[in-house]
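> Sequence:
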Amino acid sequence: MSLFLFMLLVSILNPVVSHKSCDFPAVFNLGDSNSDTGGYASAFTPPTSPYGDTYFHMPARRFSDGRLTVDFIAEAFGLPFINAYLDSVGTNFSHGINFATAASTIRLPISVIPNGVFSPFYLGFQYSQFEQFKVRSQMIRKQGGLLASLMPKEEYFSKALYTFDIGQNDLGEGFFSNLTVQEVNASIPDIINKFSANIKNIYNLGARFFWVHNTGPIGCLPYVLVAFASAEKDPSGCLKPYNEVAQYFNLKLQESIAQLRNEFPSAAFTYVDIYSVKYSLFAEPQKHGFELPLVTCCGYGGEYNYSAAVLCGGTITVNGTEIFVGSCDNPSVRVVWDGIHFTEAANKFIFDQISTGSFSDPAVPLKQACQS
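So the sequence shown is numbered by this note's numbering: it starts at -10 and just counts up by one.
Some clues are possibly wrong.
[Said to hold, decoys possible] With a Cα cut of at most 25 Å, we get these calculated SDA-like pairs of lysine to any residue:
1. Lys337 - Glu252
2. Lys123 - Pro103
3. Lys222 - Val284
4. Lys337 - Gly195
5. Lys356 - Leu281
[Stated by the list, open to error] Derived Cβ-Cβ restraints for the label pairs, each shown as a range:
6. Gln236 - Asn104: 48 to 56 Å
7. Asn182 - Lys229: 35 to 43 Å
8. Val124 - Phe313: 44 to 52 Å
9. Met47 - Pro103: 37 to 45 Å
10. Gln248 - Asn319: 40 to 48 Å
11. Ala218 - Leu139: 47 to 55 Å
For the record, the hints were derived by calculation from the structure and aren't laboratory data.
Note that CB positions come from ideal geometry on N, CA and C, so glycine has one too.
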């Protein structure tokens, strides 16, 4: 056999698997405060210093001391940070847009701001905003001029990466509405159905590449630890029944992503187990270079340095003295920023883990998420 024929036979029996990186020209994000880059701040009250101080050196309309996971995702593709849809002043959407707002849910919440604590911009509303944006942005591009350059090109809508991080507040709404753990569990199939329906709608508008985070260990966060202090704790000090609800949510979410994958074979759906990465920060903090994982960095009061009565950036009067609720000395080794959200250091660790594909189904790295 000639060398040529031998090499041809080898190539047929052992086809080369393509590992080419995806060239996403834009990122479109939908979610809650875990990925909000300014939506809540534009519509309601923006977070004040020390929010943003670590990276931006000023409040940056994010609920952290610095960058969020979605910021690191944009950076990974050489894209600028994606701006909030609701941010109307000097905003550039040419490489993506962020519809996430803090306090958002998948389902329409029972009560919304200002009469409640949840955002009116639930996932169905965010989809409607995306639907309008797609049409209006292309109208602006056709008109030409300066504003046209601030809008994404038409082909970006089918080539972009669509990222999702939402669901934590649906569980929180149930818990803080005095529902039992069992009742919150019972609500999860309907929540997931609503999520899946929105994914289908977004697919029908041209989206093809989906990167979906599951929800994190809500039972490890101080705002839940303080509110439900009598619940059973696991060896890491997290509330076991509340984390089990999050795990059930994640199971049903993963099942729904598998169904979507079967229904839409031309799309790439990546389910990202962010829960496991986040939980490792609480279970083995020293291993990852962190300390005091359950203690709030920017907070005040009690075992977890957290009180719902005074939040990060606020003031409280103690024995006649007004105290500013500021940051801990070294946020770079802390996990929880304000009792609800993560520090930039934790967000960077989370991104570094999930971007490899080790926590994804299918197990593809972020930069190959168009091939799953």
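> Confirm or reject each hint.
Outcome of the hint check:
1. For a cut-off of 25 Å, the pair hint linking Lys337 to Glu252 is broken: about 34 Å separates their Cα positions.
2. Between Lys123 and Pro103 the alpha-carbon distance is near 29 Å, which puts this suggested pair outside the 25 Å criterion.
3. At roughly 15 Å between alpha-carbon atoms, Lys222 and Val284 fall within 25 Å of each other, so this suggested pair holds.
4. Between Lys337 and Gly195 the CA atoms are separated by roughly 30 Å; this puts the pair beyond 25 Å, and the hint is violated.
5. Restraint check for Lys356 and Leu281: not satisfied, since their Cα atoms lie roughly 33 Å apart, outside the 25 Å limit.
6. Range check, Gln236 to Asn104: Cβ separation about 32 Å, and the 48 to 56 Å hint is violated.
7. In this structure, Asn182 and Lys229 break the distance hint of 35 to 43 Å, their C-beta atoms being roughly 27 Å apart.
8. For the pair Val124 and Phe313, the supplied restraint of 44 to 52 Å holds, since their beta-carbon distance comes to about 46 Å.
9. Distance hint check: the CB atoms of Met47 and Pro103 are about 26 Å apart, inconsistent with the given range 37 to 45 Å.
10. Between Gln248 and Asn319, the C-beta spacing of about 45 Å keeps the proposed range 40 to 48 Å intact.
11. At about 49 Å, the CB distance of Ala218 to Leu139 agrees with the hint of 47 to 55 Å.
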